[in-house]
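Trainee: Dock chain B against chain A, hints included.
So the protein sequences, as listed, match chains A and B. Position one of the first sequence corresponds to residue 0 (numbering that gives the first Met the number 0), numbered consecutively onward. Position one of the second sequence corresponds to residue 0 (numbering that gives the first Met the number 0), numbered consecutively onward.
Just to be clear, a hint being listed does not mean it is correct.
As the list claims (entries may be wrong) - Simulated restraints on C-beta separations:
no.: 1; chain 1: B; residue 1: Pro129; chain 2: A; residue 2: Lys80; range: 52 to 60 Å
no.: 2; chain 1: B; residue 1: Asp3; chain 2: A; residue 2: Pro231; range: 27 to 35 Å
no.: 3; chain 1: A; residue 1: Ala249; chain 2: B; residue 2: Leu6; range: 51 to 59 Å
no.: 4; chain 1: A; residue 1: Ala122; chain 2: B; residue 2: Thr301; range: 46 to 54 Å
Unchecked claim - A short list of chain A residues far from chain B (calculated; beta carbon distances all over 12 Å):
no.: 5; residue: Asp111
no.: 6; residue: Glu133
no.: 7; residue: Glu147
no.: 8; residue: Leu158
no.: 9; residue: Asp210
no.: 10; residue: Ala212
no.: 11; residue: Asp240
no.: 12; residue: Asp243
no.: 13; residue: Lys247
As the list claims (entries may be wrong) - Listed below are several chain B residues computed to face chain A (Cβ distance under 10 Å; list not exhaustive):
no.: 14; residue: Leu14
no.: 15; residue: Leu17
no.: 16; residue: Glu25
no.: 17; residue: Ala50
no.: 18; residue: Gly51
no.: 19; residue: Gly118
Keep in mind the hints are simulated off the structure, nothing from the lab. Bear in mind that the values here come from a model prediction, so they are computed numbers and not experimental data. Don't be surprised by glycine CBs; every beta carbon is placed ideally from N, CA and C.
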Amino acid sequence: MNIVVCVKQVPDTATERKLRSDDKTLDREAADGVINELDEYAVEEALTIKEAHGGEVTVLTMGPEKASESIRKALAMGADKAVHLSDEALHGSDALSTSYALAQVLKKIGFDIVLLGSESTDARTGMLAAMLSERLGVPQVTLANKVEIDGSSLKAQRLTDYGFDRVEASLPAVVSVVEKINEPRYPSFKGIMAAKKKPVEKLAVADAEIDAAKVGLAGASTEVVDFADAPPREKGQIVKDEGDGGVKVAEFLASKKFI
Amino acid sequence: MGVDRELPTSEAYDLLELTRDLVAAELAPRAAADEEAGRFPREVFRTLGRAGLLGLPYPEEFGGGGQPYEVYLQVVEELAAGWLAVGLGVSVHTLACFPVAAYSSDEQRRRLLPDLIGGELLGAYCLSEPHSGSDAAALSTKAYLDAGAYTINGTKAWITHGGHADFYTLFARTAPDKGRGVSCFHVPADTRGVRAAPPEKKMGLRSSPTAQLHFDDVRVPEGDRIGVEGQGLPIALSALDGGRLGIAACAVGVAQAALDTAVAYARERRQFGQRVADFQGMRFMLADMATGVAAARALYLTAARRRDAGRPYGAQAAMAKLFATDTAMRVATDAVQVLGGYGYVSDFPAERFMREAKVLQIVEGTNQIQRMVIGRHLTDPR
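Isolated chain A (complex conformation):
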C-alpha cells in the first residue's frame, strides 16, 4: 500500500498570526510554524493503515524551507520518507493552485490512498481534498472519522450534521479526516533520531512539471483585496437587575441572534 499524507505547516494557533502588508500573504516570520493539527490525525491514520496492511507512508508538503520542521515531526511519528515541494514560484498560491501543484506531485510519485486533515487552522478553506480528487480523477471521501481498507476498496464513516454516513470507495482515493478518527501518537525519542536519517526528496516546480504561471500570487484565481486587524474585544455589558434582569438578558441574547 502506497500511502501519501499531505501535511501543511501552519502558524501556531497559540501565537499571534499576521498577514504581510506588502503582498497580503501570511507572515511566516511572525509566528512559530507547527504541523497543522488535523494533519497529525492523517499521519496517525496512515501509520495505522500501514501497520495493518503493510506498505510505505510518504509525507508530502508544499511550503518554504521552514516547512521541513513539520516534515521531520511526521517522520519522527513513523512515516518512511518525504517529498518537499518548495519553490519561490509557489509563494502566494491559493487553494486552487495549491491543489494543482500537489496533484502534479501526486501523479509523479503515485499513490493508493492520499490522506489529509479536513482543513488547516490558518486558511480553513477545507476544499483541498475535493480539489485533489477532481484533479486526480479518483473518489473523494471527506470528513472521515473511521476508515477501513478492504483489498482494493475502502469503507469509511463520514461525519455529518445529523450523525454519519457510511460510504465506500474504490482505491486509489483521497480521504480527509476529522479529529474523532484516532489519537495521534507522540514521536518517540528513537523516532526523532531516526527521522534525521530518513530520505526527504526536494522538488522545485519544474521537477514536478508544474506550470509556474499557474501557481503563486500571479497564478491564483482568488485575491486578498484588503484585510484589517480583528477589532479589539469590546467591554462587557453589565445588566443591573431591577426586577427585569431576565428580560434584559433575553433581549440581549435575541439581539445577538443567540435565541
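Mentor: The following block gives chain B in isolation, referenced to the frame of chain A:
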C-alpha cells in the same frame, strides 16, 4: 515560557522539546486532580515508556536512549516541574534498572535489560526496611541459597511503586557480616510470595504509591542475583549516587514550578493600585528564589558532567541533593507567601509544591545523611 537550557547535542534539544510536549498534554491537565485523589497514573508511565523516556541513560544496544546524565536529569527536572510523582517515578525506575545495567553479567544484561528499560515495565528499588533506613547496612531481610535458588524472607519499607511495579531490585542479607553480607536480586513482581501492604497515606506526592513489601519464602533463581554474593551494599550505594542526582533534578523542577507560579501571580495581582510585583520587597523575594533555582540546577549539572566524564562524583551528588532539596523547600514556602491566602488553598498549586518539596529533603538519604557523606569526603578522603 520554559527554561532556557544549554544542551550538548541537537538531539537533546529535540528530547527536551518532546518532554515539554508530554508534560503539557499528558501531565499538566491531570496532576492536581490525581494528587487530590491519590491516583497513580500508570498509563502516563506507559506513554513515557513508548516515547523512550524510561531508559534514557542506558546503552542504545539494549534499547536505551544512550543519553548522558546531564541530559537525562534535565528531562527528569521537566517532568517533576509538571508533576513530581512522575518525575520522581522515572528517577526511581532508572535507579531500579541501574544494578542490572552496571553490575550484571553479559548474559543477564542481554536477558533482562531490554525489557527493564524498554518502556513497558516499571521498576522499584527495595533497600529500606522498617528498622533500617539511613543505616542501610543494618537490613535484616534474608536470602538463603539452596538447590540453585534463593529463598527470601523479610519486609521492605517506603517502596516507591510498591504494589504497582513490574519488578523489584531487592537487597537482602546472604551473610551475617554487616557491610559485606548483603546481595542484590532481580525479582519480578508476580513471583510467588511477594505481597504489598496498603499504600502509606502521605502529606504530598500522593499519586506516587509508597508501600511496605512483604517477601514470604520468595524463590529467586541464582541466575537472578546481580553481582557476586556480598556485593549488594556497594551496588546499592553506587546506585544511590545516581539516584541522588535524580532527586536533585526533581527538586529543581518543583522549585522552578513554584517560582513560575509565584512570578505569574505577582505580575497579575494588583494591590494599592499596582502589581504586587512592583513592590521591591516582593521583587527581592522573587530574585532570591530564582537565584536559588539557578544555583541548584548548576550544582546538579556539575555533578552530572563529572559522572558523564567518568570522574568520582559522590560528594558532588550529595551536595547537589542537599542544596537542591533545601532550596526547593525554601522556594516553595516563599511561593506560598507570594500568593498569600491563595497560596494556602488548593485552588492554586503553590501549597502542593510546598508539600512535595518536603519529601525530597527526606528520600534517597536524608539531608543529614548527605552532610555526613560530604563531611566524610572532606575529613576522611579515601
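Trainee: None of the hints should be skipped; say for each whether it holds.
Mentor: Now the hints, each set against the structure:
no., hint, in the structure
1, Pro129/B x Lys80/A: 52 to 60 Å, "holds (58 Å)"
2, Asp3/B x Pro231/A: 27 to 35 Å, "holds (32 Å)"
3, Ala249/A x Leu6/B: 51 to 59 Å, "holds (58 Å)"
4, Ala122/A x Thr301/B: 46 to 54 Å, "holds (50 Å)"
5, Asp111, "holds (28 Å)"
6, Glu133, "holds (37 Å)"
7, Glu147, "holds (25 Å)"
8, Leu158, "holds (23 Å)"
9, Asp210, "holds (38 Å)"
10, Ala212, "holds (40 Å)"
11, Asp240, "holds (28 Å)"
12, Asp243, "holds (34 Å)"
13, Lys247, "holds (30 Å)"
14, Leu14, "holds (5 Å)"
15, Leu17, "holds (6 Å)"
16, Glu25, "holds (8 Å)"
17, Ala50, "holds (5 Å)"
18, Gly51, "holds (3 Å)"
19, Gly118, "holds (8 Å)"
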